[in-house]
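Okay, here's what each chain looks like letter by letter:
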Amino acid sequence: MSMHTSLRRAAARISSSTSTILPTGLPASQVKTTTFVCSQCRHATLLRRPKRPYTFTQLITLSDGSAFTHRTTSPAPVYRSTRDTRNSLLWNPSSSKLMNVEDDEAGRLAAFRARFGRSWDANAPAAELASSGDTKDAATTKAEEEAAKAQAQAEQEEEDNLLDLISSFGQEEPQVSGKKKK
Amino acid sequence: MAVRESSRYLARAVPRAFAPSARPQAFLGRRNASDEAPSRRLSDQLDELETASSLTTAVSDSAAKSFDPATRAKGRKTQLPRSRYQFRSPKYDRGPLHPHQPPPPSDPSSRLFVPGPFSLPRAEQTYNSTVASDILTLCYVHTPPGFKVPPKAPRLREWDDSSPYHKNRPLRGPRGGDVLRLLRKPIKFNNIPEIERITVHSYVKGAAQENSGWLHVAGMAVQAISNVRVETFKSKASVATWSIAPGRDTVAVKAEMHGETMYHFLGKLIDVVLPRIKDWPGVKGSSGDSSGNITFGLEPEHVAMFPEIEVNYDMYPPKMIPGCHITLHTTAKADKDARLLLSAMGIPFYGKIVQ
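Read top to bottom, the protein sequences are chains A and B.
Here the working numbering runs 192 ahead of the position in the first sequence, where the first position is 1.
Here the working numbering runs 906 ahead of the position in the second sequence, where the first position is 1.
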């Protein structure tokens, strides 16, 4: 044991120090002690072989007939799905087929809504009601012109906003939600 | 210049006899016997050249017909002997100073080697073909030529030297809290966010309260849905109402998927499992750890909708099927980018989107 330590220390001395004379005759206490970064570990760790569950190739057939294969632990060769991204409303928000639309052929529900409807289910928009009574021609034309102008301006602004939104997507750092400021 | 260069190289390349010598030998008074040697004569050197080309040689028909390596290999009764030396990785890792080191896990002879990938999953193809380029387009920020980005304030602030004790102190943290967020660099072609790994985690409180059967069932269910072996974990926190003590009870299972397995799981989750959940609004918009990892949870009845569990549902005790938390770890540095990626892959988000 002692022989080993002395050897190691001597080796470390050679590698670490730039002194030309090797202190061979010095006792161990006077030799500079070195700490090894790479310490020897005496135990052996077992290298376990990784365990992987057996997987099969399965064909998934979606509800619209499209199919793809994937690896799975289930042994069934084919999986037919009845409800998936192709026919669920969350993934197809604009599909009228998937929305539960009420059929109102006689127009009774619409009539009810026109009479008793409040803000969210009101059928008639407020603008229609307002424009129903037209009194002065000049005033209305002026108002229409102004409205058209305002609308054009609003459209322009909206476009600018959209362009801003697109161009400023990746710009700024996510805002740190700091409540107290120092 | 070029012509002169080439002539110099040519002189070096052709044998001595062809090359024009620099010094005119005729004017030298000295003569060597080797000048007259037969090997130096031009005609002899040309005689040594073979006139026949190897390209014109014909293979005999019988030899060509008898050459059939496939049938020869089939007709072989016994296997060919293996090569003499086959490396076997050491069974134990005996530390960095041991002379017999195990090979790296990427080496097929290593004991830790996992072969693969063997397939190209659909979700990965989608990502590579469409999603990556879409994200790159969406995150493009045009800067006019000559535009210089205004310098930002340093993330770690200096101390104002109002006190002598400020000397040699480590830098101050950012304003408004001690959390130092990840540095978000502009998204370019080489740092498009992608999904790094998926973790399925399930905390089974019944494992501590009743028996270990809960843990076994949860482990089998998570392994079935994720295609990888699960790890178990002991509790870190003490929950007095569930009588769980830290370090005593094994309460959780976790499966971690990378690469091919991960994309298979993601495709299955998005295309088959999530649409089947009744009245599922999507992933909450405020989820995420603000460094690009999004987590959402599935109830036990939703976990039972995975095709692997559905195919032999009777194997699992119906009460013991666990719920789980699914964490999607992405390489995005902010939740905003991670949500962009995941919604492009087909995961819906609802509610207030917190960036």
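Worth flagging that the hints you see were computed from the coordinates, not collected in a lab.
Warning: the hint list may mix true and false statements.
Straight-line alpha carbon distances no greater than 25 Å define the calculated SDA-like cross-link-like pairs of lysine to any residue that follow [unchecked claim]:
#: 1; chain 1: B; residue 1: K1140; chain 2: A; residue 2: R240
#: 2; chain 1: B; residue 1: K1258; chain 2: B; residue 2: L1044
#: 3; chain 1: A; residue 1: K243; chain 2: B; residue 2: I1215
#: 4; chain 1: B; residue 1: K1140; chain 2: B; residue 2: K1184
#: 5; chain 1: A; residue 1: K243; chain 2: B; residue 2: K1258
#: 6; chain 1: B; residue 1: K1190; chain 2: A; residue 2: L281
#: 7; chain 1: A; residue 1: K243; chain 2: B; residue 2: L1044
#: 8; chain 1: B; residue 1: K1184; chain 2: A; residue 2: N279
#: 9; chain 1: B; residue 1: K1258; chain 2: A; residue 2: S273
#: 10; chain 1: B; residue 1: K1258; chain 2: B; residue 2: T1237
#: 11; chain 1: B; residue 1: K1111; chain 2: B; residue 2: T1237
#: 12; chain 1: B; residue 1: K1091; chain 2: A; residue 2: T277
#: 13; chain 1: B; residue 1: K1242; chain 2: A; residue 2: G299
#: 14; chain 1: B; residue 1: K1184; chain 2: A; residue 2: L282
Bear in mind the structure is a predicted one, so any value in this text is a computation, not a measurement.
Verification of the hints:
no. : hint              : result
1   : B:K1140 x A:R240  : 21 Å, holds
2   : B:K1258 x B:L1044 : 21 Å, holds
3   : A:K243 x B:I1215  : 20 Å, holds
4   : B:K1140 x B:K1184 : 33 Å, violated
5   : A:K243 x B:K1258  : 42 Å, violated
6   : B:K1190 x A:L281  : 17 Å, holds
7   : A:K243 x B:L1044  : 41 Å, violated
8   : B:K1184 x A:N279  : 13 Å, holds
9   : B:K1258 x A:S273  : 31 Å, violated
10  : B:K1258 x B:T1237 : 23 Å, holds
11  : B:K1111 x B:T1237 : 32 Å, violated
12  : B:K1091 x A:T277  : 33 Å, violated
13  : B:K1242 x A:G299  : 46 Å, violated
14  : B:K1184 x A:L282  : 11 Å, holds
Comparing the model with each earlier hint shows violations of hints 4, 5, 7, 9, 11, 12, 13; every other hint is respected.
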